[in-house]
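Chemist: Listed below, chain by chain, are the residues.
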Amino acid sequence: MGKVTRRALLAGGGIIGVGALGAGGIAGRNWMRDREPSLPASQDAKGRLLWSNWSGSATSYPAKRAAPKSEDELLSILTRAPAPVRPVGSGHSFTALVPTDGTLLTLDGMAGLVGHDAAKQQATIRGGTRLADLGPALAAIGQEMVNLPDINKQSIAGAIATGTHGTGRGIQAMHGAIVAMRIATPTGEIIECSATQKPEVFNAARVGLGAFGVVTEVTLQNQALTRVAKRVEIRPTEEVFEDWPSLRQRHRNVEFYVLPFTGHSVTITHDVTDKPVKPRGPDSDVETLMGLKQLRDWFEYAPSLRRKFAAEELAKIPPEEVVDEGWKLLSNERPVRFNETEYHLPIEAQIPALREILSAIETHRRDVFFPIEVRVIAPDDAWLSPFYGRESGSIAVHAYYREEHDFFFSIVEPIFRRHGGRPHWGKLHSLKARDLAALYPRWKEAGEVRRALDPEGRMLNDYLKGIFLDD
Amino acid sequence: MRALLLLPAVLLLAGCQPEPSAKPLTPEQSAALKPADARIAGLYEQACKSCHTVPDTGAPLAGDRTQWDTRWAKGEDALLNSTIRGLNGMPAGGQCFSCSPDDYKALIRFMAGRE
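Chains A and B, in that order, are what the protein sequence lines are.
In terms of this note's numbering, the first sequence opens at residue 1 and continues consecutively.
In terms of this note's numbering, the second sequence opens at residue 1001 and continues consecutively.
Next comes chain A alone, as it looks inside the complex:
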């Protein structure tokens, strides 16, 4: 979210809030929902170890865990290990892409830089490379990725498989930078593909949900290292809504977070600069986030007070700017776990949908305190890319991992769908094959490629059967 914290956010508010609303019922409600969620056992009856994704929304007990170090080893696993064989990047998807009682496959043993072309600003990297490691590795050869997502813990293979993206007008999601890739398939093949070599595989499997095979290498079109200025500013939400078309034009990367029940938003921009380096300081987003939570705890049933205290204090916070190489600033640490839904809408529908969502949350769900993230992504031509053929405005709604997130489906998703949104593949949604076929013009062709690469469905878990077969 950016360095927007101020302990003054709550100074005084606590005393008044406790005095006015300190009933035991509220305290009890806060205590109940702030407990660690009930967790599955660390091992099942057969002694198999628990696997869980980052947020805890998806779990399983895989019979086998595999960490191949070569393509040969990987092919052996893909063709012979107990199915479903499910690759895991860093477990950051909220949807059940990974759970398996067959084989859990990590590419951690197949990571790192393979080579690079300085003249073309391209680099070939192994699929298991984590984005956090890729930044310094590329910097060492004078390159950087064109963009980065909000967090950088993901593997490159996992990030592209789910359509992971950053923000910026004219900047594609991460898979938009792929010029070639190698895929190991459950039929025992290694396929090299690009826009000109086996283009149907390249187009279908670039955003492949880990269902077309395992991406072992990608060649990325990077750019020269650039220094950027990151500016974080708190502004009235209505003003940001009005300014959003202009903001998208003015800045290389721009996003904003709506802070529900405050009337304010946080804008974050990145622009190329030659200013001297001014490194980012210690993270303060957690403090801000927990401040918003505390406001919710105290004023859940007094929204006007919640808005008043938040607005007064947020308005006092001056803009902040840091300067550094882009790979050091674009991603953030997110130590507070959460669940998330995100849809990508036609850009013209973004603000109208956002207004509806904000209104619905502020009317029906006063327990929500997590910011709503708003970004822009350029179109691309990967068949299963949520950005296929259209500039997209994304809206992401979050919920603290200890608290329920049923409102994603009951309140938020219907608005997304009414506005023609396509879900982020890694974030919570309820769509099945039939719904998706109507949203993706090349859905059928992509399905044909998937069946050719995995005719026995060895990579399909129950969730993916619902995505690909339930039509």
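Bear in mind the hints are in silico, worked out from the structure with no lab data behind them.
A few of these clues could be false.
Quick list of the computed label-pair ranges, beta carbon to beta carbon [said to hold, decoys possible]: (1) B:Asn1088 <-> A:Leu469: 35 to 41 Å; (2) A:Arg451 <-> B:Arg1109: 45 to 51 Å; (3) B:Lys1074 <-> A:Ala360: 41 to 47 Å; (4) A:Arg402 <-> B:Ala1078: 15 to 21 Å.
For every residue, glycine included, the Cβ atom is placed at its ideal position computed from N, Cα and C.
With the hints as your guide, set chain B onto chain A.
Modeler: The following block gives chain B in isolation, referenced to the frame of chain A:
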């Protein structure tokens, strides 16, 4: 605000102080440490290090006994259980998808400064 958030931690620490000789590590000092066993070191580099050497993640820095001693006092079994199932900001399995329980124990011992 920060003072409020830290209060429970202060209370906890009051009951279980780290050894007087323990000194806080800088992130750079923490990042320079590495498990002695090559395979465990590989798992650590791939999974744990990206959080446990970065203060902003909220994870206790590897090797910093001032951050680990109160945790270590809970016992290895409790730490192993928290690692496998996740706790607070720590995701289940700690991003290591090929780790066995013994691997986790070795990683915990290293990070807690007990290798």
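Chemist: Confirm or reject each hint.
Modeler: Each hint tested on the structure:
1. At roughly 38 Å, the beta carbons of Asn1088 of chain B and Leu469 of chain A sit within the given window of 35 to 41 Å.
2. For the hinted restraint 45 to 51 Å between Arg451 of chain A and Arg1109 of chain B, the CB-CB distance of approximately 48 Å keeps it satisfied.
3. The hint said 41 to 47 Å for the Cβ distance between Lys1074 of chain B and Ala360 of chain A, and at roughly 43 Å that hint holds.
4. Evaluation of the 15 to 21 Å hint for Arg402 of chain A and Ala1078 of chain B yields a pass: the beta carbon distance comes to about 20 Å.
Against the hints set out earlier in the document, no violation occurs for any number.
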